[in-house]
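Letter 335 of the first sequence, counting from 1, is numbered 335 in UniProt numbering, and no numbers are missing.
It is worth saying that the hints were derived from the structure and are not from the lab.
For clarity, every value in this text was computed on a predicted model and none was experimentally measured.
Here a beta-carbon is modelled for each residue, glycine too, at the ideal position from N, C-alpha and C.
Where hints are given, some of them may not hold.
[As the list claims (entries may be wrong)] DSBU-like cross-link-like pairs, simulated, lysine-lysine; straight-line CA separation at most 30 Å:
#1 Lys690 - Lys738
#2 Lys392 - Lys318
#3 Lys784 - Lys795
#4 Lys102 - Lys10
#5 Lys146 - Lys515
#6 Lys301 - Lys318
#7 Lys33 - Lys20
#8 Lys717 - Lys660
#9 Lys265 - Lys194
#10 Lys560 - Lys33
[Unchecked claim] FRET-style restraints, in silico, Cβ to Cβ:
#11 Gln391 - Glu348: 24 to 32 Å
#12 Ser716 - Glu635: 13 to 21 Å
#13 Pro553 - Glu213: 22 to 30 Å
#14 Glu18 - Asp173: 50 to 58 Å
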Amino acid sequence: MSFNHREIEKKWQAYWDENKTFKTDDADFSKEKFYVLDMFPYPSGAGLHVGHPKGYTATDIVARYKRMNGYNVMHPMGWDAFGLPAEQYAIDTGNDIHEFNKLNIENFKRQIKDLGLSYDWDREIDTTDPNYYKWTQWIFLKLYEKGLAYVDEVPVNWCEALGTVLANEEVIDGLSERGGHPVVRKPMRQWILKITEYAERLLEDLEELDWPESLKDMQRNWIGKSEGANIDFKIEGTDQTFTAFTTRPDTIYGATYAVLAPEHKLVEEITTDDQRAEVEAYIEKAAHKSDLERTELQKDKTGVWTGAYAINPFNNEKMPIFVADYVLVSYGTGAIMAVPAHDERDFEFATQYDLPIKRVVEGGEELPYVGEGPHINSGELDGLNKEDAIQKAIEIMENGKFGEKKTTYKLRDWLFSRQRYWGEPIPIIHWEDGTTTAVDESELPLKLPVMKEIKPSGTGESPLANNEEWVNVVREDGVKGRRETNTMPQWAGSCWYYLRFIDPNNDEALADKDKLKNWLPVDLYIGGAEHAVLHLLYARFWHKFLYDIGVVPTKEPFQKLFNQGMILGEGNEKMSKSKGNVVNPDDINQTHGADTLRLYEMFMGPLDASIAWTTNGVDGSRRFLDRVWRLIIDEEGNVKSSIVEEETKELEKSYHMMVKKVTEDFENLHFNTAISAMMVFVNDAYKQDKVNIGYVKGLVQMLSPVVPHIAEELWSKLGGTDTVTYEAWPTFDEEKTKDDEVEILVQVLGKPKARIMMSADLSKEEVEKQALEHEDVKKEIEGKTVRKVIVVPGKLVNIVAN
RNA sequence: GCUCCCGUGGCGGAAUUGGCAGACGCGUUGGACUCAAAAUCCAAUUCCUUUCGGAGUGCCGGUUCGAUCCCGGCCGGGAGUACCA
Numbered sequence: 001m002s003f004n005h006r007e008i009e010k011k012w013q014a015y016w017d018e019n020k021t022f023k024t025d026d027a028d029f030s031k032e033k034f035y036v037l038d039m040f041p042y043p044s045g046a047g048l049h050v051g052h053p054k055g056y057t058a059t060d061i062v063a064r065y066k067r068m069n070g071y072n073v074m075h076p077m078g079w080d081a082f083g084l085p086a087e088q089y090a091i092d093t094g095n096d097i098h099e100f101n102k103l104n105i106e107n108f109k110r111q112i113k114d115l116g117l118s119y120d121w122d123r124e125i126d127t128t129d130p131n132y133y134k135w136t137q138w139i140f141l142k143l144y145e146k147g148l149a150y151v152d153e154v155p156v157n158w159c160e161a162l163g164t165v166l167a168n169e170e171v172i173d174g175l176s177e178r179g180g181h182p183v184v185r186k187p188m189r190q191w192i193l194k195i196t197e198y199a200e201r202l203l204e205d206l207e208e209l210d211w212p213e214s215l216k217d218m219q220r221n222w223i224g225k226s227e228g229a230n231i232d233f234k235i236e237g238t239d240q241t242f243t244a245f246t247t248r249p250d251t252i253y254g255a256t257y258a259v260l261a262p263e264h265k266l267v268e269e270i271t272t273d274d275q276r277a278e279v280e281a282y283i284e285k286a287a288h289k290s291d292l293e294r295t296e297l298q299k300d301k302t303g304v305w306t307g308a309y310a311i312n313p314f315n316n317e318k319m320p321i322f323v324a325d326y327v328l329v330s331y332g333t334g335a336i337m338a339v340p341a342h343d344e345r346d347f348e349f350a351t352q353y354d355l356p357i358k359r360v361v362e363g364g365e366e367l368p369y370v371g372e373g374p375h376i377n378s379g380e381l382d383g384l385n386k387e388d389a390i391q392k393a394i395e396i397m398e399n400g401k402f403g404e405k406k407t408t409y410k411l412r413d414w415l416f417s418r419q420r421y422w423g424e425p426i427p428i429i430h431w432e433d434g435t436t437t438a439v440d441e442s443e444l445p446l447k448l449p450v451m452k453e454i455k456p457s458g459t460g461e462s463p464l465a466n467n468e469e470w471v472n473v474v475r476e477d478g479v480k481g482r483r484e485t486n487t488m489p490q491w492a493g494s495c496w497y498y499l500r501f502i503d504p505n506n507d508e509a510l511a512d513k514d515k516l517k518n519w520l521p522v523d524l525y526i527g528g529a530e531h532a533v534l535h536l537l538y539a540r541f542w543h544k545f546l547y548d549i550g551v552v553p554t555k556e557p558f559q560k561l562f563n564q565g566m567i568l569g570e571g572n573e574k575m576s577k578s579k580g581n582v583v584n585p586d587d588i589n590q591t592h593g594a595d596t597l598r599l600y601e602m603f604m605g606p607l608d609a610s611i612a613w614t615t616n617g618v619d620g621s622r623r624f625l626d627r628v629w630r631l632i633i634d635e636e637g638n639v640k641s642s643i644v645e646e647e648t649k650e651l652e653k654s655y656h657m658m659v660k661k662v663t664e665d666f667e668n669l670h671f672n673t674a675i676s677a678m679m680v681f682v683n684d685a686y687k688q689d690k691v692n693i694g695y696v697k698g699l700v701q702m703l704s705p706v707v708p709h710i711a712e713e714l715w716s717k718l719g720g721t722d723t724v725t726y727e728a729w730p731t732f733d734e735e736k737t738k739d740d741e742v743e744i745l746v747q748v749l750g751k752p753k754a755r756i757m758m759s760a761d762l763s764k765e766e767v768e769k770q771a772l773e774h775e776d777v778k779k780e781i782e783g784k785t786v787r788k789v790i791v792v793p794g795k796l797v798n799i800v801a802n
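Assemble the whole structure, with the sequences as input and the hints as a guide.
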């Protein structure tokens with residue numbers, strides 16, 4: 001006898017919808033709040049993947065658990081719908097992107113609703129809805145007003161195949177993150193957001209967050225803080241200087257040459273006539289290398305001498321100045337002093353070009369030596385250790401005004417414009433008189449015009465440039481202008497959506513202040529680790545900006561963050577169409593039911609582990625639900641006569657242990673072990689003729705966050721007149737989880753020799769006495785000296801005797 | 001290369017302020033039920049050994065009465081990042 005999942009799931013999903021069971025009163029500040037959020041999905045044409053329900057079920061369990069614990073819970077869902085893949089697909093298939101997007105969202109929503117997730121659907125948001133992106137544009141205007149959004153002609157990552165530029169974070173090994181197309185460096189006029197202004201705060205404030213340490217490390221590495229010094233070098237025979245950044249100013253006496261990046265502004269000026277042809281050829285070649293080529297060729301260092309010399313300000317020695325592309329124009333000052341004895345890259349270059357190598361730090365068997373040691377050949381720095389030498393060197397430079405202490409970050413400003421159609425228009429107008437102004441707030445949203453032809457032009461302009469009616473504007477004084485035709489990147493909409501969920505229909509502000517104050521920060525945020533440095537860094541940046549201008553009350557958006565692991569295919573590989581190992585959640589819903597899918601994904605293992613899908617495992621989860629059903633319900637569909645009002649003492653301990661374990665595990669997102677605790681109780685209950693109805697109700701309540709449909713059905717059969725959603729969470733009695741008598745293991749020299757049942761509250765001395773008096777133990781220690789006896793109360797006694 | 005994480009039965013995984021390794025599930029085996037099968041229920045299931053017993057949490061060593069857990073070295077796997085001066 002098994003339950004009919006299709007019938008039950010339909011019934012309760014309809015019930016929840018009709019009764020708005022999960023509606024959140026966002027203006028009720030009387031109860032303690034809990035905001036639990038999923039990374040909202042990108043609604044692709046492919047539909048939901050079995051990986052989606054893993055994170056969604058986890059947050060749903062927490063949402064439901066917190067409701068039963070009396071919290072006012074915010075648990076919303078929406079669509080991150082702007083972006084490349086759907087747009088590209090629509091272009092390739094001749095679909096209208098607006099229509100296609102609508103269909104994708106409908107399909108995603110249907111699939112998500114089938115999972116019985118307890119979202120407040122009245123808060124649904126869609127980043128492509130003008131009522132939403134009005135505020136995305138509003139935030140951009142604020143960034144622009146504060147000088148944090150600017151236009152610059154910079155070398156950017158241009159992807160020919162996608163017809164757009166990409167942010168550094170979107171380029172992986174010289175290929176686009178989306179689609180894996182080649183990316184080349186190319187100077188273009190682009191919108192840029194000054195995320196670097198927030199580098200230090202983005203780094204520092206990580207400390208306060210309850211995030212996985214590995215993820216914080218990734219952000220730290222990405223921000224890449226380095227402390228060191230900027231040193232000015234004079235160029236021999238001119239009054240020019242250049243500045244080099246170094247983290248090792250203490251090794252200045254070991255600097256034997258200098259290098260400028262090929263794009264460095266001074267290169268042309270200082271190159272001597274003899275060397276000009278060679279230098280120009282080198283620069284030309286370097287400029288045409290794609291990122292991919294640079295990566296592949298990184299082992300061979302190349303460069304060419306400019307003919308010029310720099311003067312080392314510490315000892316006035318001449319250092320030849322090279323141009324080499326192992327020095328990056330975008331980091332530090334685009335120039336370095338090379339210390340081949342103590343830097344691997346400089347060593348390699350110096351060896352190749354036969355440049356002098358001068359040791360200034362003692363230690364290590366061979367060069368290059370990058371470790372610490374006393375300084376030598378270093379004038380006033382001789383004998384000092386690294387730290388002191390750095391300090392002294394900086395002191396000398398600052399006194400002599402040819403250098404200063406300096407902190408540098410790897411993080412670069414965020415390239416914010418895309419030459420694509422499917423994104424938020426940037427609300428800026430360029431006037432023919434040469435001025436640029438922002439669209440007035442009152443004119444927002446600046447709507448994306450509906451267009452048939454949305455293919456990228458390939459010229460570096462977005463397709464919006466072809467829409468004359470939209471692009472051209474005339475000011476009251478008759479001056480003509482053109483709208484900015486670049487659009488915002490996919491990340492824009494997801495940078496602040498968690499704020500809009502708090503107050504999704506507000507026309508006056510992106511959200512009401514009091515509501516923001518009550519609901520922020522997000523208490524728990526769950527999503528994939530792939531967003532570690534993209535979405536999560538960008539969103540923190542915007543949030544900090546909004547904090548600075550007084551819009552949000554907290555410094556950070558997401559207090560606790562958790563990355564769910566992937567679900568792999570049966571062969572332990574990533575699921576992919578080409579491997580044919582993709583599991584569709586719709587299929588599992590049909591055959592096994594949404595409850596089984598949810599249960600299985602939570603029971604597979606720890607939430608953050610990546611684990612392979614197995615069909616047998618799904619069957620096993622369904623089997624457990626059938627077992628629960630049969631424990632309570634008879635063949636006719638009524639509550640069994642074995643479910644009784646009277647106490648069933650035999651199950652008391654088992655029940656209280658289950659409640660304790662499940663409660664603790666739900667708090668810590670340890671769903672796999674929580675489920676196993678419930679399985680243990682069910683197994684115990686099967687061994688009894690009678691089960692107290694209170695225990696059964698408790699079991700059903702604790703199951704309800706994981707498998708809500710079957711739980712609602714059982715709850716109503718057990719006499720519930722309403723949803724189980726707001727029933728108070730079961731409590732346990734610590735005393736009842738313990739036995740009066742415990743088995744004490746007696747070891748001699750660590751080997752188990754006897755097991756003795758003893759009263760749990762015996763003193764250490766009594767336990768030791770009983771252990772030593774036991775027959776088997778006596779035999780073992782006969783003729784030996786007892787040197788030491790270790791007693792671990794309630795567990796074991798270890799006798800050291802020889 | 002650098003940073004971080006992880007190595008436990010046939011499989012997914014439990015267990016750590018250091019205290020009986022292998023909970024729970026899958027798979028397998030046996031039994032009950034059945035004319036039979038499926039389903040279900042019950043039981044066994046780390047390995048070696050006929051038994052007694054022995055070995056065992058990637059490998060080697062250390063600390064400890066006691067190590068899956070702490071320390072050092074190695075081997076293997078994964079994620080991120082990459083000429084960042």
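Right, here's what the structure says about each hint:
{"no.": "1", "hint": "Lys690 - Lys738", "result": "22 Å, holds"}
{"no.": "2", "hint": "Lys392 - Lys318", "result": "22 Å, holds"}
{"no.": "3", "hint": "Lys784 - Lys795", "result": "24 Å, holds"}
{"no.": "4", "hint": "Lys102 - Lys10", "result": "24 Å, holds"}
{"no.": "5", "hint": "Lys146 - Lys515", "result": "25 Å, holds"}
{"no.": "6", "hint": "Lys301 - Lys318", "result": "23 Å, holds"}
{"no.": "7", "hint": "Lys33 - Lys20", "result": "19 Å, holds"}
{"no.": "8", "hint": "Lys717 - Lys660", "result": "25 Å, holds"}
{"no.": "9", "hint": "Lys265 - Lys194", "result": "22 Å, holds"}
{"no.": "10", "hint": "Lys560 - Lys33", "result": "15 Å, holds"}
{"no.": "11", "hint": "Gln391 - Glu348: 24 to 32 Å", "result": "29 Å, holds"}
{"no.": "12", "hint": "Ser716 - Glu635: 13 to 21 Å", "result": "19 Å, holds"}
{"no.": "13", "hint": "Pro553 - Glu213: 22 to 30 Å", "result": "27 Å, holds"}
{"no.": "14", "hint": "Glu18 - Asp173: 50 to 58 Å", "result": "52 Å, holds"}
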